[in-house]
Each structure stands twice: as C-alpha cells, then as structure tokens.
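Number of protein chains: 2
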Amino acid sequence: MQSIRLKKTVAIFILGICFLKANSQPSKDSIQIRRIFDMALTDDKAYENLRVLCKNVGNRISGSKAADSAVNWGYNVLKSMWVDTVYKMPITVPCWSRGTVERAYIYHTDLKLNITALGGSIGTNGLLKAHLVVANGIEDLERLGEKGIKGKIVFFNKPFDPRTINGFEAYGACVNQRYAGASKAAEFGAVGVLVRSMTHKNDNSPHTGSMGYTNEANKIPAAAISTEHADLLIEQLKLKPTLRVALRMNCKTLPDKESFNVIAEIKGETEPETIITVGGHLDSWDIGEGAHDDGAGIVHSIELLRLMRANGYRPKHTIRVVLFMNEENGNRGGKGYAQWVKDRGEKHLMALESDGGGHTPRGFGISAPDSVYNIIVGYRSILEPYGCHVFKKSEWGGGVDINPLKLDSELTINPNMILLGFMPDSQRYFDFHHAKTDVFENVHKRELEMGAGAIGAIVYLIDKHF
Amino acid sequence: MQSIRLKKTVAIFILGICFLKANSQPSKDSIQIRRIFDMALTDDKAYENLRVLCKNVGNRISGSKAADSAVNWGYNVLKSMWVDTVYKMPITVPCWSRGTVERAYIYHTDLKLNITALGGSIGTNGLLKAHLVVANGIEDLERLGEKGIKGKIVFFNKPFDPRTINGFEAYGACVNQRYAGASKAAEFGAVGVLVRSMTHKNDNSPHTGSMGYTNEANKIPAAAISTEHADLLIEQLKLKPTLRVALRMNCKTLPDKESFNVIAEIKGETEPETIITVGGHLDSWDIGEGAHDDGAGIVHSIELLRLMRANGYRPKHTIRVVLFMNEENGNRGGKGYAQWVKDRGEKHLMALESDGGGHTPRGFGISAPDSVYNIIVGYRSILEPYGCHVFKKSEWGGGVDINPLKLDSELTINPNMILLGFMPDSQRYFDFHHAKTDVFENVHKRELEMGAGAIGAIVYLIDKHF
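Going line by line, the protein sequences match chains A and B.
To convert, count from 1 in the first sequence and add 1; that's our numbering.
To convert, count from 1 in the second sequence and add 1; that's our numbering.
One chain only, chain A, in its complex shape (with noise of 0.2 Å):
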C-alpha cells in the first residue's frame, strides 16, 4: 500500500505545480470574468427574455406565424442593445404543419396511445390499421427482414440506455430510429412505423422530432409514442402478439416560405475581419415552447452581447450573434449563413453554439486543432470556480447549426476554426426536449444565467488570446 501511496504522492506533487503553471493566468482575466458572471447572475435579463420568447411568441416552427414574430422580437431585442449592426439574412425554410388530428389506439379496444407525428412525415390519409412488429433499433430490421415487416407498422422500441452517463450521448446512440426509421423500414414493406420517444423518463408525453425520406416514390407515416405508452404496447403485444393499431394523422409539408437568420455584431477593435460567431436557434418544435431548446441559446447569445456591453469591453475580433432559424427540421438557417459566409470571403476565428439547454453549465465540447484544444484547456483552472471547466474533444463539431462552418466538405471555409458546443448538465434535458413540456418554468433561473455567465467567460478569454 505505502508505495502506492509513494508513487501517487509524487505524481500528484508534479501535477500540482503544473496546475500552479496554468494557475497563473493574468489576474486581469479572473476580474474579466468575475465580472461577467456578476452581471449574469445579477440581472434578469436574461430570463425575462426567455419568458417572453416563450409566452409572447410561443411555440414557433420554422414557417409559422409565430416563426416570423419570433425573427421581429429577436430583431427588435437585438436592436435595442447598442450593437454596432442588426440585420436578418433571408433564408426559405421547409414549412410543415401537423395537422388537426393525431390519434392512436390499439383496434377493437378504447386504449388509445400517446402519439405525435414525426416532423416531416406524412399523414395517414385516413385509419391506417396495422399488426406490430416490434425492432430494437433500426440495426434490427435486417434481423426481421421483408418477412417479418411486409404490410406491418414497425415500432422501434430501442430505448435510451442508462448507463450512459452523458444524455446527448443516450440520445446519439438511438437517435436514428427516429429520423431514418421510416425510410429503412419502408424498404422492407412497412407501412407506418412508431418510435419510443427519445427520454430517458418514463412518462407520457410523446416527444417529436424530425425524420427524412429519402426515397420520394416510398413515403409511409411516422409517429412518436410515449415511453409509458410503448411500455404499455409491449405488455399488450405480449398478451396478444395479433393485436393491430390504428392510426390517423393528417400531418402533410406545405410549400417552402421565407423566413430569417437574424443577425447582430459588435466590431472587433483590433481585428475587425475576423469572426466569432456565438448562436442559438430561433425556431423550435411546434408541440412546446422550446424554453430549453433553444430558447436557452438564444437567450444566452443575445446575453453575451449585454455582458459585453455593460462591461465596457470592446472585443479583438467581430463579435457575431446568430438567431438561426429552422435548426429542427432542416437546417436552412446554419446552413445559408455558411454559404453567405464562404460568399463574402469572411474570415472565422471560431464558432459557438448553444443547443444543449439552460441547465447548470458544465463545459465545452471542442472541435479544434490540437495546438489549439490544448491551449483552451489551459482555461480550465481559471473557469473552475463556476464549475464550467470541462473540456471535451468533440467529434461530432459545436452544434448543428455552426457545423457547416467547418464541417460541410462542399464549403470547407476554414477546417482550423474553433467550433465550441456549449455543454450543460444532460440530465434533465430529454425530459423536456421535444415535448409539451419544454416551457419556460421548466427553465432555472440560476441556472440559465450561469450558462450565460460560462459562455461569456470562454467568449472573452478566446477573443482575448487568441
């Protein structure tokens, strides 16, 4: 035991000094950033903002009229502030709507089921009555085959796992069931799937999302079921493998409309070519008041510009805000700016995204040459003391709506620009992501502004050191 001990004592004494090493940031930073999270933490701004944008404009699907007051009271929020420029950035968005009726429930019985449609599905063009085959994933249909699934409605009943520590990741490993289960099943004869609602909660709100063809010629309908619903289904299927569901919903895609990123800067002073781009998204599912998805990021991003603010400090480089729409349903938003972005020529340092919620902030997820991670790493001591610390190598970039920034291979602006993923606590998230219930009393206080707070601080120190 004792040399165990020995060796740790030494180790520990080594990495001791190398924490007193990045430890000696420059006091300035330390003010810099105990003001910002000062000022977060001692306003309400920000979550007056959030009740607005969820009471005011409410639940705001790309295309919708709510969409559009969404992109006036960003504009008018935004221009409200002293930035140097407010602009929106015309975009066409996909505009599908969910219909009037969504219903489910086992034939021949009253249980009816909680169901919502897939966004992006069609509708049911009348009861669609089928038996069930149930697959655990979509890796499970080859299993079935054509045999198994020909004229039945598949349910894909993998669930999240709960040993997975981190929520996003859960959501990673069965998130593909939702968005190309319908087409994959479709090649096998299947004539509607359901979908396990993508929670680790056992409750009885379904939770949307989106889902693609991608055969035109083979579409067939897509519904979410809650997780108590599909528990249900499959304790019925055990007492009647024959029993069939029926399902009607007349969800259907309308044409395209226009639509808006809306955009705010405060100009570098010493390097006003260059970029950081910090945003949320906008629009939201259209069964919630998306509070913490997104309405968090886009209270976060205009809050960066009022730390800024308030805290005099004029930034190195261009300080961009984006309100992007139509993250959920097609991304036109993140990718038309960086299109618009390839087009002007401009110059991108680094891009940040908050998408992951308004819970107590952890990190970042980063997206960086190595030389770069490592020195944003070295931020790591002075942002301890929030708690927001954690630095992840991240794999997959910022968010969706930054990654064509960086990571579209048709654009490739600058593969050595920074892409930072806001990372909050995940356990709560899919609670409330996609579902009825993602309104703002769902949404802390506190925990808002310290998300807030945290993307300030790495906003400064990148600006600042790089």
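Hints are computed from structural coordinates only; laboratory data are not their basis.
Only a predicted model underlies this, so the values are computations on that prediction, with no experimental measurement involved.
Incorrect hints may appear among the rest.
The list treats identical chains as one, so a pair stands whether inside a single copy or across any two.
Keeping only pairs whose Cα atoms sit at most 25 Å apart, straight-line, the calculated DMTMM-like set for lysine to aspartate or glutamate is [unchecked claim]:
no., residue 1, residue 2
1, Lys393, Asp30
2, Lys393, Glu448
3, Lys56, Asp204
4, Lys56, Glu229
5, Lys29, Asp162
6, Lys130, Asp232
7, Lys343, Glu385
8, Lys239, Asp45
9, Lys317, Glu274
10, Lys46, Asp85
11, Lys46, Glu229
12, Lys239, Asp44
13, Lys343, Glu448
14, Lys46, Asp204
15, Lys113, Asp85
16, Lys46, Asp232
17, Lys437, Glu448
18, Lys394, Asp39
19, Lys46, Asp162
20, Lys46, Glu236
21, Lys220, Glu140
22, Lys130, Asp44
23, Lys317, Asp30
24, Lys394, Asp30
25, Lys343, Asp204
26, Lys268, Glu448
Chain A is fixed; fit chain B onto it per the hints.
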C-alpha cells in the same frame, strides 16, 4: 500573441503528461467504478426507497412519531440487505412542536404574511404586535442600537448574494441571522424576529430551520418569512414606516425523547478494525418530506451497501452506514455517535456525509492532511467521465453529523482522519431547503442515482488504496 500561445502550449504539454500519469490508474479501478455506476443507474432501488421514506414515512422531525417510523423503516431496510450487522444506537433527542397556530399580518390591514416558526422558537403567548426595524443581517444590530431596536420586532432581511456561485456559500453568509438573530436582537431589547427565508428563490414558501437561544432568561419568538413577503413588507414599510406586524405562534419545546441512530456494517476483510463511516440524516423538518434534506443522503448511504453487495465487493475496511437522527435541531445523533466511537476506542480512516441534496454530483469537499488530500485529487481523472471529479479543500469538515468525529475539541478522535462532504450541484438546493416544497417529486431520479454512483466510487477508491 504568438509568444503567449507558445508558453501556454508548453505548459499544457507538461500538464498533458501529468494527466496521463494521473490517468494511469490500474484499469481494475475503472472497471469497478463503471460497474458501480451501471448498477446505480439501472436499478430503481434508491429512488423507490426515497419514495417510501417521503410518502409513507413522511415529514419526520426529531421526537415525532414519524421519526420513530423512520427509524423502524431504516432498520428494516438495512436488515433486508444481507449486511453483517444492523443495530440501533440509542440517543436522546430534543422535541419541539410547531403547535397549531402560525399567523402573521400587517396590523389593521388584511395583508397576511407567509411565515413559519423557526425550529426551537418559543411561541408568542397570544398576539404579539410591534413596530419593525429592518436589519441587514446580524452584523447590522450594533448600528441600529438599543434605541432603534427596543420594543420592536427585528426584521432580518439580508438576502442570499446571487453572485456567490455555490449555494451553500451563499447560505453560509447569512444563516447566522436565522440561527443567532433572536438572542442577539433580544440583547438590544427586541420583542421578536422575522427572518428572510434562506433561499435564492423569489417564492411564497417560508423556509424554516434551527435557531438557538444563548440566554435562557431572555427568549423572544422567531419566524421565517417567505422571500416574496419579505419584499412586500419592505415596500409596505416604505409607504408606512410606522406599520406594526401582528404575530401569533403557539410552538413550544417539549421534554426530550428517546430515539436512535440506525447503523449497518459490512465487515472489512483485511482491516476490519478500521472504520469507514458513510451517512446522512433520518430526521427532516416537519413542514416538508425531507426529500433532498436529507432523504437523498439516507438513500445514497443505503445504496452504497447495495452496490457493494450486488457487485460482490468485499471491502478492506469495515464500511459502516449510519442513518443519523436529529441533524436538524440538535445534532444529538452526530455527537452521540462520535462519543460512542471514542468510548469504544475505534479507529476511523474516513467518514463521508451526504447532506447536500439529490442533484447531479459535482465532487467532494475534503478535510484531510495535505498528503492525503493530494492522493484523493489524483482520482480526478478516473472520476471525470462521471462528472463528479471536483475536489475542494474544505474548511468546515464534511458535514454536521460526521464533523464531531474529527473537529469536536472535547473528543478529538483522530485529527488525521478524512472527512468527505458529498457535493452535488447547488443551484436548486435552496429552492426546496427546509420548505414544504422539499418533496419526492422535486428529486430527479437519474440525478439521485448519479449521486449514489459517485459516493460508491469514492468509497471504493479510498477503501482500496488506503
């Protein structure tokens, strides 16, 4: 810029090497910790135990029938777990009753104020009517002086500082007005005290908590007022500084009663005479279910035994779980336990307390000699995947119940023992603390389970490597 970048790169490179060193824990540890978390996250036991404690046993202030039920419940749960020993350790606890009447209003108006007696307070003996004097904390009394205070109710209105990141530190900075305010104010001739509730939140639930009298001959009644009504009262005082508050409470202290700490042990394999104590407290305030405070700590502690047993892990040292009684208003359980440990001449390696609620784990506060502290900090990297890797040197020990084992000057059992305080995220804790909102529904299942995993992991590491 470039030179700063280079220096940082070198520093980070060294830091990187050190992390690799720290990372080179035997993989056996990683496997064991992964198992602990897997088990914590895939079994509903901890959450179900919490539900039963909150809903079936319920609010359980020391000396109450519910506290007796809690003792029996804890004993039976531990008995069912195939541990080596379960026993009840008798202690005598204070017995305070809130009585049947708690009422406050602005005299000659119908403006009711939401108040609740502080635990230990005397009643008002009829209707107490008096003018108010506002004090910004206990340190403000000198300034107000006897002239400003005599014959009045002191309204302690020092709020939580929202800039303080850690909720427990914000609490620590003003809780003395709740605990000692009445006796201090009585020295200046006050006839009662109202204390702003100890919470960040603007809400209308008063938060109770313990208070004590230093002078038996000069006791005045003390009540907590909700933060919303504290603010209302300030507004009303601006309009009419001479307003009077009327207060009626019939709370009282009854004779002491017998109660118990409940104790269970898994005997150590190679060093059975050396103890690791892990605990939380069984009692709660009478106005809430004590779900975060401290049902979470109780089920965390019980879960530790389950995780060890289910994992087939035989500890080196004796693992002793203590469900302490009377943390809230007397700490007779903690003091009694330390005396008992001393009387038996037992050797303690470590004690860990979970009394910070059931939110996502962040890490541990550590009170230990530097050499030991540094070894524990070396576990950072192995715990980082679980997000519970923040270690803070603690000035105040590990928790009220376990501190007497080390910090009670009359006992001084082992000044070198390790005290660990479990540190969950603290942003939401004081929303519920000592209020009627501290109920099972406000504890998040996965967050609770993550806490059990974190405690399981650190106890495993220390048991194995010390």
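Verification of the hints:
1. Lys393 with Asp30: Both. Shortest intra-copy (22 Å) and inter-copy (22 Å) distances satisfy the 25 Å Cα cut-off.
2. Lys393 with Glu448: This pair counts as both: shortest intra-copy Cα distance 21 Å, inter-copy 21 Å.
3. Lys56 with Asp204: both (24 Å within a copy, 20 Å between copies)
4. Lys56 with Glu229: between (28 Å within a copy, 22 Å between copies)
5. Lys29 with Asp162: between (44 Å within a copy, 23 Å between copies)
6. Lys130 with Asp232: Only inside one copy: lysine 130 and aspartate 232 sit 20 Å apart there, 59 Å across copies, limit 25 Å.
7. Lys343 with Glu385: neither (36 Å within a copy, 38 Å between copies)
8. Lys239 with Asp45: between (52 Å within a copy, 23 Å between copies)
9. Lys317 with Glu274: Within one copy only: 10 Å inside a chain, 63 Å across chains, cut-off 25 Å.
10. Lys46 with Asp85: Answer is within: at 20 Å inside a copy they meet the 25 Å cutoff, but 56 Å across does not.
11. Lys46 with Glu229: between (38 Å within a copy, 19 Å between copies)
12. Lys239 with Asp44: Answer is between; shortest inter-copy Cα gap is 23 Å, intra-copy 55 Å.
13. Lys343 with Glu448: Neither. Shortest intra-copy (36 Å) and inter-copy (43 Å) distances fail the 25 Å Cα cut-off.
14. Lys46 with Asp204: between (32 Å within a copy, 19 Å between copies)
15. Lys113 with Asp85: neither (55 Å within a copy, 50 Å between copies)
16. Lys46 with Asp232: So lysine 46 and aspartate 232 pass the 25 Å test across copies only (20 Å; inside, 42 Å).
17. Lys437 with Glu448: both (21 Å within a copy, 22 Å between copies)
18. Lys394 with Asp39: between (29 Å within a copy, 24 Å between copies)
19. Lys46 with Asp162: Between copies only: 17 Å across chains, 37 Å inside a chain, cut-off 25 Å.
20. Lys46 with Glu236: For lysine 46 and glutamate 236, only the inter-copy Cα distance (22 Å) is at most 25 Å; the intra-copy one is 48 Å.
21. Lys220 with Glu140: within (20 Å within a copy, 72 Å between copies)
22. Lys130 with Asp44: Cα proximity of lysine 130 and aspartate 44: none, with 55 Å in one copy and 37 Å across.
23. Lys317 with Asp30: within (15 Å within a copy, 46 Å between copies)
24. Lys394 with Asp30: both (24 Å within a copy, 24 Å between copies)
25. Lys343 with Asp204: For lysine 343 and aspartate 204, the Cα distance exceeds 25 Å both inside one copy (44 Å) and across copies (50 Å).
26. Lys268 with Glu448: The answer is neither: 29 Å in one copy and 42 Å across copies each exceed 25 Å.
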